[in-house]
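A.B. asks: Chains A and E are the protein sequences, given in the same order.
First residue of the first sequence: 1, per the numbering used here; consecutive thereafter.
First residue of the second sequence: 1, per the numbering used here; consecutive thereafter.
Hints should not be assumed to be uniformly reliable.
Stated by the list, open to error - Some chain E residues close to chain A (C-beta under 8 Å, calculated; not the full set): (1) K8; (2) I9; (3) R10; (4) V12; (5) H16; (6) R21; (7) L107; (8) K108; (9) K113.
None of these hints come from the bench; they were simulated from the model.
Given the structure is predicted, the values throughout are model-derived calculations rather than measurements.
Positions of the beta carbon are idealized from the N, C-alpha and C atoms, including for glycine.
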Amino acid sequence: MDSCRKGDAKAQKKLYDMYAPLFMSIAMRYMKSFQSAEDVMVMGFFKIFDNINKYKGEGSFEGWMKRILVNEALMQIRKRNNLRMTVELTDIDKPDDSSVIDDIAYEELVAILSELPPGYRTIFNMYVIEGYKHREIAEELGISINTSKSQLILAKKKMRELLKKKELGKAYIS
Amino acid sequence: MSDKDFDKIREVAENHTIQPRSEAWAKLDSKLKSKKTRVRMINYRNISIAAIMISILSVTAVFSMYLKDHDPQIFASNEEFRPIVLEELSIELDEDQFYSVANISQLKAAYAKVGMH
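Isolated chain E (complex conformation) (with noise of 0.2 Å):
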């Protein structure tokens, strides 16, 4: 076979179309159309795991802050326990085992000592 057939057979074929079955277009516009659908599933997919993501960071970081507004051992370590030793207190004793009134100044003396007012 010659370069001129070679010609002749691009020619003839170059210039020849065919129209196909009006069904093509239906089969590739429901192609198209369930493409379509399925990137917007994998869309709202990828969307949702986003939102339920930024949920669960959300909750987690507002009951952390919860957890730590509300910590005892925060409010432990703020306060300085000092036991108040009351035995060392020079206070005679009515005979009803009650604090007398009249020996009030003695304890005022007493807590200034300790260092409460």
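In isolation and in its complexed conformation, chain A is listed as follows (with noise of 0.2 Å):
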């Protein structure tokens, strides 16, 4: 790390040949396009790089790079999209917390992921992945904690749609 602190090429090839693979896979899961999460890769570590520096050894590395990662790609999506997230807790039904999934691959998971509207997909990301709090989701998106709330029910209601369909069209094929 002091390597790259002091901007040796070298060492920042062998951090990027590290995590690389890692980010990519995050990226992949906020982004639609692989073009778009290699772009947010690319751009998260040369962020990393720039500010090398300022990461005094609070917390984890891994835990401070992922951060920086995952803003930018949300950085990405707000130019993309429309983050419009308005739907407060008390407009939504009750969620059905009962289990729908037996065993689900990556690239299903992606797919599915990439199916929900920017907002739900996001929150679902940084909730349910990434361990953050709704009060750092509301933080980091500027919405409320109850806006956060309700996407990630309004989230889970899709995925769950999504899961039985696709559970039903392999019942079909089969």
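Dock the two chains into a complex; use the hints.
C.D. replies: Now the structure itself:
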């Protein structure tokens, strides 16, 4: 990390080789296409190297890098889509909390996530996979905590529908 | 969807990696290099501006000192001008209108009287 701080290209390449596959996987969950995920990953790394001196050793370095990458993905989503999330918690029916997944492959997960509207997908990713709290999501996206909660419920509802559709499709084919 | 479903999704997501294209590193590397060049250019510009400022200040200071040393006002003020009125001297002129060497003692006395030796 010290070599990266000094701007050593070899050290930067080593860090890139170590984390690029993981960061591509994260970016793929937020973005719809491989190309835009790669752009997010490249810009994320650029910001990591540019701001590496700001990392003071508080928390894990990987966590710090992931946060920069997720912020970059959010910025790109904001640029490309209008993240309008105005539905409040009171407007939504009680969610169905029964289990729907027996087994799921990564490709299936990404395919389902890409079918979700950008707002649902973003909050689902941040809450379920990255482990952000609703308060943190609200701060990052500039929305209320209730909006974040409501978007997650709607995302779950939509995911359930898509998973059921997928299962029904399989049953129909077989 | 239950917490069990969330755990499965998280597990699948966290354990999966995707290899980016080799062009991605080339793109990042060129961005990093252009940033380095830009930073260097900014540093050179700042150093150049500082050097120019120092040069201007030095030239101004030297020129100002030179002017101070050669200020005619300073010499004029140091020299006290006192006119000598020779008409007050009682020197008799020769016929040919030149001062006579014989009157030298009187001239000396006259200069002594006005404070010049």
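A.B. asks: Now look at each hint and say whether the structure bears it out.
C.D. replies: Tested hints:
Restraint check, E/K8 versus chain A: the minimum CB separation of about 5 Å is within 8 Å; hint holds. Because the closest C-beta pair between E/I9 and chain A is about 6 Å apart, less than 8 Å, the hint holds. Checking E/R10 against chain A: minimum C-beta separation of about 5 Å stays under 8 Å; hint holds. Of the supplied interface hints, the one on E/V12 holds, with its beta-carbon coming within about 5 Å of a beta-carbon of chain A, less than 8 Å.
At its closest, the beta carbon of E/H16 sits 4 Å from a beta carbon of chain A; the interface hint therefore holds under the 8 Å criterion. Because the smallest distance between the Cβ of E/R21 and any Cβ of chain A comes to about 7 Å, under 8 Å, the interface hint for this residue holds. With a cut of 8 Å, the hint placing E/L107 at the interface with chain A is violated, because the nearest CB-to-CB distance is about 89 Å. With 8 Å as the threshold, the beta carbon of E/K108 stays out of range of chain A, its nearest partner Cβ sitting at about 88 Å, so the hint is violated.
Interface restraint check for E/K113: the shortest CB-CB distance to chain A comes to about 86 Å, outside 8 Å, so the restraint is violated.
Consistency with the previously given hints fails for numbers 7, 8, 9, ordered from lowest to highest.
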